[in-house]
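Engineer: Listed below, chain by chain, are the residues.
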Amino acid sequence: MFGINYEIIIIDDGSPDGTREVAEQLEKIYGSDKILLRPREKKLGLGTAYIHGMKHATGNYIIIMDADLSHHPKFIPEFIRKQKEGNFDIVSGTRYKGNGGVYGWDLKRKLISRGANFITQILLRPGASDLTGSFRLYRKEVLQKLIEKCVSKGYVFQMEMIVRARQLNYTIGEVPITFVDRVYGESKLGGNEIVSFLKGLLTLFATT
Amino acid sequence: MTKLAQWLWALALLGSAWAALTLGALDLPPSCREVLWPLPAYVLVSAGCFALATVGYRVATFHDCEDAARELQSQIQEARADLSRRGMRF
Numbered sequence: 001m002f003g004i005n006y007e008i009i010i011i012d013d014g015s016p017d018g019t020r021e022v023a024e025q026l027e028k029i030y031g032s033d034k035i036l037l038r039p040r041e042k043k044l045g046l047g048t049a050y051i052h053g054m055k056h057a058t059g060n061y062i063i064i065m066d067a068d069l070s071h072h073p074k075f076i077p078e079f080i081r082k083q084k085e086g087n088f089d090i091v092s093g094t095r096y097k098g099n100g101g102v103y104g105w106d107l108k109r110k111l112i113s114r115g116a117n118f119i120t121q122i123l124l125r126p127g128a129s130d131l132t133g134s135f136r137l138y139r140k141e142v143l144q145k146l147i148e149k150c151v152s153k154g155y156v157f158q159m160e161m162i163v164r165a166r167q168l169n170y171t172i173g174e175v176p177i178t179f180v181d182r183v184y185g186e187s188k189l190g191g192n193e194i195v196s197f198l199k200g201l202l203t204l205f206a207t208t
Numbered sequence: 001m002t003k004l005a006q007w008l009w010a011l012a013l014l015g016s017a018w019a020a021l022t023l024g025a026l027d028l029p030p031s032c033r034e035v036l037w038p039l040p041a042y043v044l045v046s047a048g049c050f051a052l053a054t055v056g057y058r059v060a061t062f063h064d065c066e067d068a069a070r071e072l073q074s075q076i077q078e079a080r081a082d083l084s085r086r087g088m089r090f
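Protein chains in written order, with full-length UniProt numbering: chain A, 1 to 208; chain B, 1 to 90.
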């Protein structure tokens, strides 16, 4: 692809939906130098998944993305181009600026998303428009450093990465992305998630 | 300084300035005092309106990427066909 050396690291925490079997087949088809399947026995959380993945990564840059097609690989050249353009430490995919956007969200979901982002911008002034997104490119050392420093989970973990990056004076570029939700399965945002988001936000507000 | 600390500082500064002026630190004419006294309430209400308007605008202009969804669906079909040819069993 465009003369760029790449490898794909797949971290599966024992998904019951056959992910592992599909990944194994892909490995056979494309070769184990291109597809690195590194499974874990049970669901161990995002932060440790990043750490686990990085142990096996041989590149200088790491792109993190969801594997359920909500994040489209077509944006990867955009991320790379942006990173070269500004020599950024991090390039963050944003749903809220430029041509960015979402498909498959109803009014309530959009309201919650924009409302939460607004509060986050006011309280944290993070210098990035989309804090809960998880489609990002990191310099490998930067990702390592940030994971060491981050303590939260879930949505808040993604936010904390950006906030800590700011604290450490890392540069952040942005690329508008389209997020196509619910290609497979249901996407629900429950009261529990909202509460833990707010708790996490206030914790970041008070401690960074 | 944490963000919370910054906010508290700013509030303390503005709050004490407001309190001092409304209680007569500089001898301001009564017309000034009349405007100054309810200022915090006005600011709060305006901020609230601004917040609602901003979020409302952003929700209304939130991009609905129909094209992306359509493109994705056709690419999924393409990929399935390609992978089947290469030996993937679904």
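Honestly, the hints are just simulated from the structure, not real lab data. Backbone N, C-alpha and C fix where the C-beta goes; we use that ideal spot for every residue, glycine too. Don't take each hint at face value.
To give a feel for the contact side, a few chain A residues facing chain B, derived at Cβ under 10 Å [what the hints assert, rightly or not]: (1) G127; (2) V183; (3) I194; (4) V195; (5) L198; (6) K199.
As a list, the in silico DSS-like pairs of lysine-lysine whose alpha-carbon atoms are at most 27 Å apart [unchecked claim]: (7) A:K55 - B:K3; (8) A:K84 - B:K3; (9) A:K97 - A:K140; (10) A:K153 - A:K140; (11) B:K3 - A:K42; (12) B:K3 - A:K34.
Engineer: Hints first: check each against the structure and report whether it holds.
Structural biologist: Status of the hints after comparison with the structure:
Look at G127 (chain A): its Cβ only gets to about 13 Å from chain B, farther than 10 Å, so that hint breaks. Proximity of V183 (chain A) to chain B holds as hinted, the smallest CB-CB distance being about 7 Å (cut-off 10 Å). A least Cβ separation of about 15 Å between I194 (chain A) and chain B goes past the 10 Å threshold, and the interface hint is therefore violated. Taking 10 Å as the C-beta contact cut-off toward chain B, the hint placing V195 (chain A) at the interface is violated, the least distance being around 19 Å.
Hint on L198 (chain A) is violated. Least Cβ distance to chain B is approximately 15 Å, over the 10 Å limit. A cut of 10 Å between beta carbons decides the hint on K199 (chain A): the least distance to chain B is about 14 Å, and the hint is violated. The straight-line distance between the Cα atoms of K55 (chain A) and K3 (chain B) is roughly 34 Å, outside the 27 Å bound, and the hint therefore fails. The hinted pair formed by K84 (chain A) and K3 (chain B) fails the criterion: a straight-line CA distance of about 32 Å is larger than 27 Å.
Proposed proximity of K97 (chain A) and K140 (chain A) is supported: the alpha carbons are some 26 Å apart, at most 27 Å. Among the hinted pairs, K153 (chain A) with K140 (chain A) is consistent with the structure: their alpha-carbon atoms are about 21 Å apart, no more than 27 Å. Between the alpha carbons of K3 (chain B) and K42 (chain A) the distance comes to roughly 37 Å, so the proposed pair goes past 27 Å and is violated. A distance of roughly 43 Å separates the Cα atoms of K3 (chain B) and K34 (chain A); the hinted pair therefore is violated under the 27 Å criterion.
Checked against the numbered hints given earlier, this structure breaks hints 1, 3, 4, 5, 6, 7, 8, 11 and 12; the rest are met.
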